[in-house]
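Protein chains: 2
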Amino acid sequence: MKKKVAFQGEPGAFSQIAVRRLAGNRAQAVPCERFEQVFRSLDEKQVDAAVIPIENTLHGSVHENYDHLLRFDLRIRGETSVRIVHNLIAAQGVRLRQLRRVFSHPVALNQCLDFFASNRHLEKIPFYDTAGSVKMIVSENLKDAGAIASSMAAEIYGARILKRSIEDDRENYTRFFLLQRPGSRSLVPPGGEMKTSLVFTTRNTPGALFRALSVFALRDLNLAKIESRPLRGKPWEYLFYVDLLADSADPRTRKALGHLQELADFLKVLGCYPRGTAS
Amino acid sequence: MKKKVAFQGEPGAFSQIAVRRLAGNRAQAVPCERFEQVFRSLDEKQVDAAVIPIENTLHGSVHENYDHLLRFDLRIRGETSVRIVHNLIAAQGVRLRQLRRVFSHPVALNQCLDFFASNRHLEKIPFYDTAGSVKMIVSENLKDAGAIASSMAAEIYGARILKRSIEDDRENYTRFFLLQRPGSRSLVPPGGEMKTSLVFTTRNTPGALFRALSVFALRDLNLAKIESRPLRGKPWEYLFYVDLLADSADPRTRKALGHLQELADFLKVLGCYPRGTAS
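Going down the list, the protein sequences come from chains A and B.
Each residue of the first sequence is one higher than the last, beginning at 2 in my numbering.
Each residue of the second sequence is one higher than the last, beginning at 2 in my numbering.
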């Protein structure tokens, strides 16, 4: 049976590229309007898995999704980084020199300012969604309008890529997590190096973080990410997100987490998963 | 003479609220299209100061601005946190029941989904900018259209607030920095607790961060923020952003920074400034 995988956005959104990469070509991608719906539909067993963005190299961590990871009892089972490539797309038969207007999400339009600076006759027109702008120019059969979106959006809506990779900054990557319910069989094959993601809180006494990190340093366990975030409504207290380059089943990691439990007010392991590649 | 302060966005953007709060009512806010232009105009002495967003409670750190802080030789002289309050705004004389469409930036529209769920007859129309959408509905004198933006945008464009604070999440704050050139006199009065922001790199050997943090823990200096970020083009190497609850002129802080210089491959103090309040 086809696995159902929820994601936020329109069909053809960058998240759907991550769905394909993490759950395979045969998975059925299920679009949702809000991130909360993505989590809820997985929690309520309407889907088998979910794919969420967790950080972007230009814009930082998606804190809203960290909040949902705390609230819902789900597990991270895989990760992948997708390079955000913006393409100029038009309906079949439309040529670059016919264009007068380009539709897309304002964030995407703003990430292609060099392209617009050298094509001054093109008007930037904000639209609700990158992939949605491709859907619209195709269904309205616009001859003077293009859209900026992923190559998958061009593929899904039968449109044509007029110019590939028109983004200003090529170092624009989004990291995605694959989530499943606890106890369910992982869709991602095991193997290779593992990562373990966790969140913990400490009281904001000088050196509290230093002591917490000692549980890893004393066992030669390496961190891939650390980030602090003030706890809502509790001034002076902090959440820390940590990604360990370690397998949570490894006895050394288990001892470190047991040790951290003694020092932290709160500790939750969000998941253990094979380290992803970027492309 | 009036101080000129650069910010990114249209007049009435949330950044301009931060300009007013950090540089006073008499400062002249100078809008720029891109963040890079904000930094460049300060660096090239076209303005006296600049205000930039650095992190948001929902969306995380603005990494692009951390990159510019590394590239340009400027100093942080102040900080403030602005609560992002979205208001439904219309031209003078227009009433709520006349509205059929609401213009704003898609991020703002998406942060008011509860409002739209209970006002289903209102169509969400994406626009380039929050404040820009107010400017447009006023200049076009639209009778059936509203806009979502800051109260300052309503004030600047002579529009009327129909409904205040329609955002779904009240815990939406953006933290802003005031930047000036090194050696220039601070626009922010000294006093109160101080913060020092710095960035450093370590090689990704197990325990490298632990050793780096020891320079603060051993001296009872407290951290307000820590965040790691992979170094572009250098896999396995990391940048760390740290905010210390300390004055960089304090001998204890100076010793800690000297100690950190021994352990880190690279260290830059971005500024020392009075701790801001949130409102």
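Honestly, the hints are just simulated from the structure, not real lab data.
Even glycine gets a Cβ: it sits at the ideal position worked out from N, Cα and C.
You may find that some hints are simply not true.
[Said to hold, decoys possible] Beyond 10 Å from chain B on every Cβ pair, some chain A residues (computed):
(1) Gly94
(2) Arg102
(3) Phe128
(4) Lys144
(5) Arg186
[Said to hold, decoys possible] Some chain B residues close to chain A (C-beta under 10 Å, calculated; not the full set):
(6) Glu168
(7) Asp170
(8) Phe211
Quick rundown of the hints versus the structure:
no.: 1; hint: Gly94; result: holds, 27 Å
no.: 2; hint: Arg102; result: holds, 13 Å
no.: 3; hint: Phe128; result: violated, 6 Å
no.: 4; hint: Lys144; result: holds, 22 Å
no.: 5; hint: Arg186; result: holds, 31 Å
no.: 6; hint: Glu168; result: violated, 13 Å
no.: 7; hint: Asp170; result: holds, 9 Å
no.: 8; hint: Phe211; result: holds, 4 Å
The structure fails to meet hints 3, 6 from the earlier list, while all remaining hints are met.
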